[in-house]
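Take the sequence shown: its position 154, counting from 1, is numbered 154 in the UniProt record's numbering, and each next residue is one higher.
Warning: the hint list may mix true and false statements.
What the hints assert, rightly or not - Label-pair ranges, simulated between beta-carbon atoms:
#1 E46 - V120: 41 to 49 angstroms
#2 D126 - K8: 53 to 61 angstroms
#3 D90 - L117: 17 to 25 angstroms
#4 K146 - D90: 53 to 61 angstroms
#5 G128 - P45: 50 to 58 angstroms
#6 N57 - E22: 15 to 23 angstroms
#7 E5 - F110: 42 to 50 angstroms
#8 L117 - K58: 40 to 48 angstroms
#9 G128 - R150: 26 to 34 angstroms
#10 G128 - D44: 53 to 61 angstroms
As the list claims (entries may be wrong) - DSS-like, lysine-lysine: derived pairs with alpha carbons at most 25 angstroms apart:
#11 K21 - K40
#12 K32 - K6
#13 K55 - K21
#14 K58 - K43
#15 K8 - K40
#16 K40 - K9
#17 K6 - K43
#18 K8 - K21
#19 K129 - K102
#20 K55 - K8
#21 K146 - K130
#22 K114 - K130
#23 K55 - K6
#24 K21 - K58
#25 K21 - K9
#26 K40 - K53
#27 K40 - K6
#28 K146 - K102
#29 K102 - K43
#30 K43 - K21
#31 K8 - K32
#32 K21 - K53
#33 K32 - K43
#34 K40 - K55
#35 K53 - K9
#36 K8 - K43
#37 K8 - K53
#38 K53 - K6
#39 K32 - K21
#40 K32 - K9
It is worth saying that the hints were derived from the structure and are not from the lab.
Remember, predicted model here, so these are calculated numbers, not experimental data.
We treat Cβ as the ideally placed atom computed from N, Cα and C, and that holds for glycine.
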Amino acid sequence: MALSEKMKKFAQAVVDGLSNKEAAISAGYAEKTASQQGSKLRKDPEIIVHIEKLKANKEGRSLTSEKPKVKSTSTHEDDNPLDDEDYAKDDPLQFLIDVMNKSDDMFLRFNAAKAALPYVHGKVADKGKKESQVDDAKAAATGGGKYATRSARKANYS
Numbered sequence: 001m002a003l004s005e006k007m008k009k010f011a012q013a014v015v016d017g018l019s020n021k022e023a024a025i026s027a028g029y030a031e032k033t034a035s036q037q038g039s040k041l042r043k044d045p046e047i048i049v050h051i052e053k054l055k056a057n058k059e060g061r062s063l064t065s066e067k068p069k070v071k072s073t074s075t076h077e078d079d080n081p082l083d084d085e086d087y088a089k090d091d092p093l094q095f096l097i098d099v100m101n102k103s104d105d106m107f108l109r110f111n112a113a114k115a116a117l118p119y120v121h122g123k124v125a126d127k128g129k130k131e132s133q134v135d136d137a138k139a140a141a142t143g144g145g146k147y148a149t150r151s152a153r154k155a156n157y158s
């Protein structure tokens with residue numbers, strides 16, 4: 001959530017040295033609820049960060065470190081954990097399995113496993129309406145009874 005204008009005014013008043021209640025009143029909150037609102041605003045993480053930034057600007061210091069960032073000599077673009085000859089280029093499933101087993105990056109391994117899952121473990125679906133009707137008809141035809149076929153009746157009497 002972005003800071004509203006009142007919240008920014010409250011933070012500036014706190015940096016200027018006012019109490020929570022006085023800062024809330026100067027920001028435009030009602031005098032009756034200024035104490036509660038000031039306490040509530042003072043605990044808000046976004047306002048705490050904004051207050052710290054204002055204090056840092058007032059004192060002339062930076063919230064970030066002054067150390068220069070060290071650039072890596074290797075870009076890791078060519079660091080492929082898989083050799084091109086290790087897998088059959090026409091089998092994407094084998095490639096996904098190799099990425100899943102050989103890669104160091106856990107996020108990449110997880111995505112490869114998720115992509116290979118339907119190929120290894122197919123989704124087991126319920127029987128459809130037509131399949132269950134065919135099975136019921138076969139059961140009625142092979143069993144004895146009124147709707148049994150002639151060969152099924154002979155098999156029961158033999």
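Quiz prompt | Given pair status - K53, K21, alpha carbons within 25 angstroms | solution = Holds. K21 to K53 sits at ~21 angstroms (cutoff 25 angstroms).
Self-check item: Cβ distance range 53 to 61 angstroms for G128 and D44, holds or violated
Solution: For G128 and D44 the Cβ distance comes to about 56 angstroms; the hint holds.
Self-check item: Holds or violated: K129 to K102, with C-alpha atoms at most 25 angstroms apart
Solution: 44 angstroms, violated
Quiz item: Holds or violated: are the alpha carbons of K21 and K9 at most 25 angstroms from each other?
Solution: 13 angstroms, holds
Quiz prompt | Pairwise hint evaluation, K6 against K53, where the allowed Cα distance is 25 angstroms at most | solution = 17 angstroms, holds
Exercise. Sort out whether K43 lies within 25 angstroms of K32, counting only the CA atoms.
Key: 19 angstroms, holds
Quiz item: CA of K32 to CA of K9, is that 25 angstroms or under?
Solution: 18 angstroms, holds
Quiz item: Is it true that the CA of K6 sits at most 25 angstroms from the CA of K43?
Solution: 15 angstroms, holds
Practice problem: Given the hint that K43 pairs with K21, test it: the Cα-Cα distance must not exceed 25 angstroms. | Solution: The given pair, whose Cα atoms are some 13 angstroms apart, holds under the 25 angstroms limit.
Quiz item: Is 17 to 25 angstroms right for how far apart the beta carbons of D90 and L117 are?
Solution: 21 angstroms, holds
Practice problem: Decide if the proposed pair is consistent with the structure: K55 and K8, CA atoms, cutoff 25 angstroms inclusive. | Solution: 13 angstroms, holds
Quiz item: Does the Cβ pair K146, D90 satisfy 53 to 61 angstroms?
Solution: 56 angstroms, holds
The earlier numbered hints that this structure contradicts are 8, 19, 22, 28 and 29.
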